[in-house]
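Peer 1: Protein chains in written order, with my numbering: chain A, 1 to 681; chain B, 1001 to 1681.
Treat the hints as calculated values from the structure; they're not laboratory data.
Each hint can be trusted.
Far from chain B, some chain A residues (derived; all Cβ distances over 12 Å):
1. 122
2. 182
3. 216
4. 281
5. 308
6. 543
7. 632
Lysine to aspartate or glutamate pairs mimicking EDC-like chemistry, simulated, CA-CA at most 16 Å apart:
8. 573(A) - 678(A)
9. 1591(B) - 1635(B)
10. 1163(B) - 1119(B)
11. 1381(B) - 1438(B)
12. 1228(B) - 67(A)
13. 381(A) - 396(A)
14. 1326(B) - 1286(B)
15. 604(A) - 1149(B)
16. 326(A) - 286(A)
17. 1228(B) - 74(A)
18. 1604(B) - 149(A)
19. 591(A) - 570(A)
20. 159(A) - 119(A)
21. 1604(B) - 1615(B)
22. 649(A) - 625(A)
23. 228(A) - 1067(B)
24. 228(A) - 1074(B)
25. 344(A) - 325(A)
Because the structure is a prediction, the values reported are computed rather than measured.
Beta carbons are placed, not taken as given, at the ideal position from N, Cα and C, and that holds for glycine.
There are 2 protein chains.
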Amino acid sequence: MKQFQDLFCVAMNIAILLSNAIAAPQDLHLLPMPAHVSLETGRVAIDSAFTVQLSGCSDPRLPRALDRLFQRMEAGTGIPFASQPIAGPDIKSATMKIHCGGPGEAVQSIMANESYQLEVTDQGVRLTAPSPIGVLRGIETFLQLIVLDQQSFFVPFVKIEDKPRFRWRGLLVDVSRHWEPPEVIRRNLDAMAAVKMNVFHWHLSDDQGFRVESRVFPKLHQKGSDGKYYTQAEVQEIVAYARDRGIRVIPEFDVPAHSTSWLAAYPELASAPGPYEIERSWGVFEPCMDPTKETTYSFLDSFIAEMAHLFPDKYFHIGGDEVNEKQWNASARIRAFKARHHFKDNRDLQAYFTRRLRQILNKHGKKVMGWDEILHPDLPKSVVVQIWRRQPAIDDVARRGYAGILSYGYYLDAMRPASFHYDVDPLGKKAENLTAEETARILGGEACMWAEFVNSDNIESRIWPRTAAIAERLWSPSGLTDARNMYRRLEYLDQELELMGLRQHFNNLEMLQRMAGSQDIAPLIRLSNLLIPTGNGVRQRTRKYSSLTPLNRMVDAASPESSAALQFDDLVKSVLSDRSHAAEATQQVRKTLTNWRENEFRVKPLLESSFLLEEIQPINKMVAELCSKGLQALDYIESNQKAPEAWQKETADLLSLAEKPQAEMLPAITASIKRLAEGVR
Amino acid sequence: MKQFQDLFCVAMNIAILLSNAIAAPQDLHLLPMPAHVSLETGRVAIDSAFTVQLSGCSDPRLPRALDRLFQRMEAGTGIPFASQPIAGPDIKSATMKIHCGGPGEAVQSIMANESYQLEVTDQGVRLTAPSPIGVLRGIETFLQLIVLDQQSFFVPFVKIEDKPRFRWRGLLVDVSRHWEPPEVIRRNLDAMAAVKMNVFHWHLSDDQGFRVESRVFPKLHQKGSDGKYYTQAEVQEIVAYARDRGIRVIPEFDVPAHSTSWLAAYPELASAPGPYEIERSWGVFEPCMDPTKETTYSFLDSFIAEMAHLFPDKYFHIGGDEVNEKQWNASARIRAFKARHHFKDNRDLQAYFTRRLRQILNKHGKKVMGWDEILHPDLPKSVVVQIWRRQPAIDDVARRGYAGILSYGYYLDAMRPASFHYDVDPLGKKAENLTAEETARILGGEACMWAEFVNSDNIESRIWPRTAAIAERLWSPSGLTDARNMYRRLEYLDQELELMGLRQHFNNLEMLQRMAGSQDIAPLIRLSNLLIPTGNGVRQRTRKYSSLTPLNRMVDAASPESSAALQFDDLVKSVLSDRSHAAEATQQVRKTLTNWRENEFRVKPLLESSFLLEEIQPINKMVAELCSKGLQALDYIESNQKAPEAWQKETADLLSLAEKPQAEMLPAITASIKRLAEGVR
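With these hints in hand, go ahead and build the complete structure from the sequences.
Peer 2: Set out below in structure tokens:
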């Protein structure tokens, strides 16, 4: 669907971007790119005779993985494979032979071996892995190899040796600020598995909601969730679903701050007297647990005992971020406690809290993780630190002896392009001087989907496909940095995800339709492809939002990245630099800008007829003006004329105006128009 | 999505077809149209303050229906209603007050009262119904009333009194020839409820598959289904899901013929010695149960005892169609039995079988239904006859004293347009001379989705939105026959279904993408919108098909009806008859035909690059030639010239060629081009 959305915008992307032809490994539809790929001449046809043989170590996840393999091959080809039996190890004729070298872990750990070898030769397909997780990864690669041409569906002859660069490749989903139903979580797990991610970080509690059923403290979900929470049965199903896909589930219960929803249920945990209510707005709030009361720890001990059982993973995330010190400072009792313990400040007090909590978690067999605010001279080295701010840098954290996970630069709610995240490497330049031991402490990274402005309508479009770029950064060799090639493969991956049932484009179209009533939304799609939503920060400064504010406006629907604008920018670059194709590119840029400019009037009646669309009239006009300006620039460039100063001034004014958000969005083509305008001189 | 598909084809349909403006009842997005609607001036705004009050008779279905109401309002507006509480009867201020006058039936019957009154006034929304089913129907109408404009989402002031014309408004889904997973069934039930249909006729067994778990005779599902069957738990869930939506579930187990899948499990039931295997191809086959053995009846008695419990509805469908007489004629024992009983032919023998089966079903509390072949002088009047053939006509059946349900004219696999089915009225001209008593025997109708050529990829696009036209025929007053207005409302309904999660368009796009590999499918969408698949009959005559044949070609993906072609035909009519708009229409027809003709070359590279698309090269060329011919005709018409005879001959040849299926499809615009060509003379 993405495909034909783009058609409205850039009519000539067919041959450039996507074709069925495969001449080199980078033409394969692989994302993340495996460590070693060699493409050879030949193919194995995929038809209804396809069979699979499974040998080696047995693991109940593998037959289920093969069921999904058949289902996805059926979805991808239309050939009815679904009732295909799995051949026994004695049958020599199977198209695909899978060998699993060793058993899986009872609970998947950070040490799981995810490597595999995949060979497609005239002997058929051979997938070998030392563990069930490696088999799962290899199956995903195999599925991405299937293409079609004039003759058949097939996989090309390849030799692939693959293993991940980092062992922690995660996605955080905040289900507190807006809740997500289990099916949305499952779809995201499907997508994570497709790009070989292995950690689902489930941000389950925050000021705005407590999202897990607690049988020990039932008021937590009863009073803290508006009825929107996961039952324990649902949690177990999701944990099992993730495990089946080689994904660990790390729960996060954010304490001592970000805990208003707990306090709405149990105000006695707070540092100031209640009552409390679930927080509806966004920000950093005063309510904070009282780290000085023993009852706080006995409560957390009982709670963690319950949750430690529900979430089998070794790691347990306690948050620890953004403590607002007001309640602690205001309490005479807490001040006295600090004095008694010779704590010089609230950071010392939080360190005390973290230490106590770590003891409890260790007792229940868990390792502790927290956000970078938990760093403190007293913090035990066994605690894993997740870096979300510019400082401390991950290399500093590693030097100080802590295992670190990078999320700074991976915040999806910032609405940055995939290429921005792709450039962020946990072992970037700063880490070059680390010792091998220090380097090994950098475990990987996590994309973060904070949910101030996402609900089940738009969460998939905010996470996918952009997160695949992060997945590749964390899995593939560090030398792989060609963003253009990544984007090309991202288009394929985007299609693959849709076929798997993800709704990243479909839901966006539904949102546009909803804004337009029953009218034809084609011009609105075209406009939306030229608009980029602003990030979390800008939006919060622009308006007063709460968890009850409808997310039904263009800024909620427009994609975080415009592939139309991206392709357009490539064309503009050709106009300016690529002498051999400049004439053709100029013509295409002109045609595209003319179409976009004309769209202003096509979309206008829609904008005027809906209270939800009214606000985008100014930015619709702005886009058209940018197009006009681009066309004028093109005229000067083509005729090799110098632009008058007045024009240059006017253009500069327009471009600076275009950099100010309107209806919380920015035109996607401003940089390209600027490039054209600069090309005039 | 439909919307912007059409844009490719007919660029000017925006203002004509769909707008937000509502001036008369037919502008409302109601389908089926209620019996009485009056539109008044004023509105009730739909915003986050919306509340519902429920009073009167309590029924556990109603609170669940209100949950769905809130969910669908949330999906439709983006306003977070989902955690809205239902106001108690004492709260006077609710936006919507629902009163349920009486209790529901333990098992919904054919006599259920489905009427309701819905008033939207300055007092808010008031929905009153004598029964829970009426409330369900009224909620669907209310949801269809929600629109938006410059100010807000709202429902206009209306007064609606509504009740169905027929009490049997069904959809048959054949899950034997291709199985459908439970979620597909649920989506179809959602859609049925949206158009107020009340019978889900579940065709559960046939030669190609036996689809229900039987605990009494487990070999039925084990050997008869390839593992694709509904567990009893799944059946119970689906029956409950349907009941929640006011839909009865009628199981059909087709006997004595169409029963190869039974015989694969229990060959001793057959009229000739086994062994048998599940039938893979389509047609009428020889295997048939032996009606002369007492063991056949004891088997069926035990089986029906089990199924009677699983399917609580009073009615039970025994099939009875298309008995192939070969096995009966070949068996000396059966011939002797017939002689002994003085049966003059096999019809007498089948009547004996039906009589015995009726006794069994009656014993288990069921009423019998069967296809029209069961009609026989000995058939008891209590048996309901479903008419699928041209003869017997439904009025004859009613005259003979039987209750009848019409399916002749409602076969969805025939790939006829919605308007064709809309014209078929169970109480058509032939029924005019019936007495009131005879008329009352005509219970209604059932759309039939036979599954030779549908699987879960395309079933939704074959059923929806066309079936809504049948739903309106069966619900709304007989005088409502304006197909053009029906089509307009059908577009809205189509959008509503998508918002509910139906996949009638989304799946088709996925199928196109699959055929094109990863290429841009925009030109392919445009072509597919100009192609109509041939029906079941033509396809079976064209190729050898089986249940293992992939349904992954254009004929499987293209929609049964082209709204682009439909709108184009309207324009052509304007060119030829509507003097006042002829010039404008001519211009639009020219532009459209030019675009379509140009598409031939845009789509060509795709067709050449995929083995699945190769076969449509000739019909792609044919479409372009039809467009050229149409443009030439337009030239003659505009210049008021007579066309040379050679041109006329050439045109006639082309048009007759276009009426022959190519790749099992027909161009959607042939009739319009013919119309233009005839306009030349």
